[in-house]
Amino acid sequence: MTFARDQWYVAAYGSEVGRELLARTVLGEPLVLYRTGAGEAVALADRCVHRRYPLSESRLDGDTIVCGYHGFTYDQTGSCVFVPGQQRIPRTARVAAYPVVEQDSFVWVWIGDRDRADPAAIPRAPWLTDPRYAVVRGMAPLNARYGLLVDNLMDLSHETYLHGGYIGTPEVANTPITTEVDDERGIVYVSRHMDDAECPPFYARSTGIQGRITRWQDIEYHPPCLYLLHSRIAPQGVYPPAQGEDDQAFHAEIVYAITPSTEHTTYDFWAVARDFAIDDESVSEYLYQSNHTVVMQDVTALDILEQVIASEPEKYQELSINIDTGGLAARRLLARMVGAGTVEATR
Amino acid sequence: MSSPAGMLTGDRVYRIHWLPGTDILRGVCHCGAQRVAEEPVELWEWLLAHPQGHQAPAAPPPSADAPTRLAVPA
Chain A
1 MTFARDQWYV AAYGSEVGRE LLARTVLGEP LVLYRTGAGE AVALADRCVH RRYPLSESRL
61 DGDTIVCGYH GFTYDQTGSC VFVPGQQRIP RTARVAAYPV VEQDSFVWVW IGDRDRADPA
121 AIPRAPWLTD PRYAVVRGMA PLNARYGLLV DNLMDLSHET YLHGGYIGTP EVANTPITTE
181 VDDERGIVYV SRHMDDAECP PFYARSTGIQ GRITRWQDIE YHPPCLYLLH SRIAPQGVYP
241 PAQGEDDQAF HAEIVYAITP STEHTTYDFW AVARDFAIDD ESVSEYLYQS NHTVVMQDVT
301 ALDILEQVIA SEPEKYQELS INIDTGGLAA RRLLARMVGA GTVEATR
Chain B
1001 MSSPAGMLTG DRVYRIHWLP GTDILRGVCH CGAQRVAEEP VELWEWLLAH PQGHQAPAAP
1061 PPSADAPTRL AVPA
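Each protein sequence line maps, in turn, to chains A and B. When you number the first sequence by my numbering, it's gap-free, plus one each residue, and the end is 347. When you number the second sequence by my numbering, it's gap-free, plus one each residue, and the end is 1074.
It should be emphasised that the hints constitute simulated quantities derived from the structure, not laboratory data. All values derive from a computational prediction rather than experimental measurement. Errors might be hidden in some of the hints.
With a straight-line Cα cutoff of 25 Å, these simulated DMTMM-like cross-link-like pairs (lysine to aspartate or glutamate) come out [claimed, not checked]:
#1 A/K315 x A/D303
#2 A/K315 x B/E1039
#3 A/K315 x A/D151
#4 A/K315 x B/E1042
#5 A/K315 x A/E263
#6 A/K315 x B/D1011
#7 A/K315 x B/E1045
Rough simulated footprint, nothing fancy, chain A against chain B, three-plus residues with beta-carbon under 8 Å [as the list claims (entries may be wrong)]:
#8 1011 to 1018
#9 1034 to 1042
Glycine included, each C-beta is placed from N, C-alpha and C at the ideal position.
Throw the hints in and build the complete structure from the sequences for me.
Have a look at this one:
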């Protein structure tokens, strides 16, 4: 499988992980997640060592999981602390415990060599827990390989055609982009600055702006998992001041975590954080419904595309044009990460 | 349209600018080398081949009174 191992991935929102056992598959590895009585998030391999029964189909007893088939019991480090009918616990009776970090409302898990897990390497999305922002969010399972979602998000010109009436307007596809790659830090940045654009309903209804807008889209992709879209919306001709707060504009920080589940499925975590109308529930509801609709339009399209691509030969023919400059850069960084992980895995 | 000059500030940043009003892309390497192209695949290949095929922007031509022969160390 073409996955980048030795990387951090979002397995869940923190709010999803509690005293119920949660099953997630990340990079083909089945995980069970739960929270200890002290509030610590735990991720263990979701297969009992005995007969492979999913621990996620079992039950919690305090901070231990009791396998629902024969009662093998594991603590939060993955060590087996009880087997049925005998005193001796086999030395190999343990399941893998994954490094976990809770940050910015996400539960990140490290997939790979746990000695290489560095929490400081996790990219940040601070708006998701900043009280100056209001957040709507969701997660959509995708029946498509993760690379298709990366392609989708790195080229926003598709908004004009796939998301017209929500976030797409003619100017998105028509405006040239600037693409940058920081080769050392492994970041792709794509800027599309529209000076004079139609205001799509998504922003017209949420900001109250009437008339045309200056719309900036600045993508910051931290492969493999975290995608940030810094969206700036202002009445046409209003630019950030040379100094001080950019308080004449509306800002939305649109965050995606793109987590490969299996070779042909992906978790699409999405969130919209805004710095305007933060106490207005009707705006939250509108943005939630609108963005959910947009995400599902992508899901439908990418699921179709997966079916097509899966039926084609490995090296199918494509044609890339100017709008694909950022997507091509993202693919290259991902390929480099996949290569690095493969080398490490074979040592 | 405002064209952002660049947001990333590292020492190894590659940039591709889509020149406004055209179909032309201009690649700029961190070493200063530049090239234009009409599609991104070729331009990324050239950029990422650094330093192969990369020369900093051409120096100004030598002035008339400059020596026409390079000094050769003894």
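What are the numbers of the hints that this structure violates, sorted from low to high? Of the numbered hints, just 6 does not hold.
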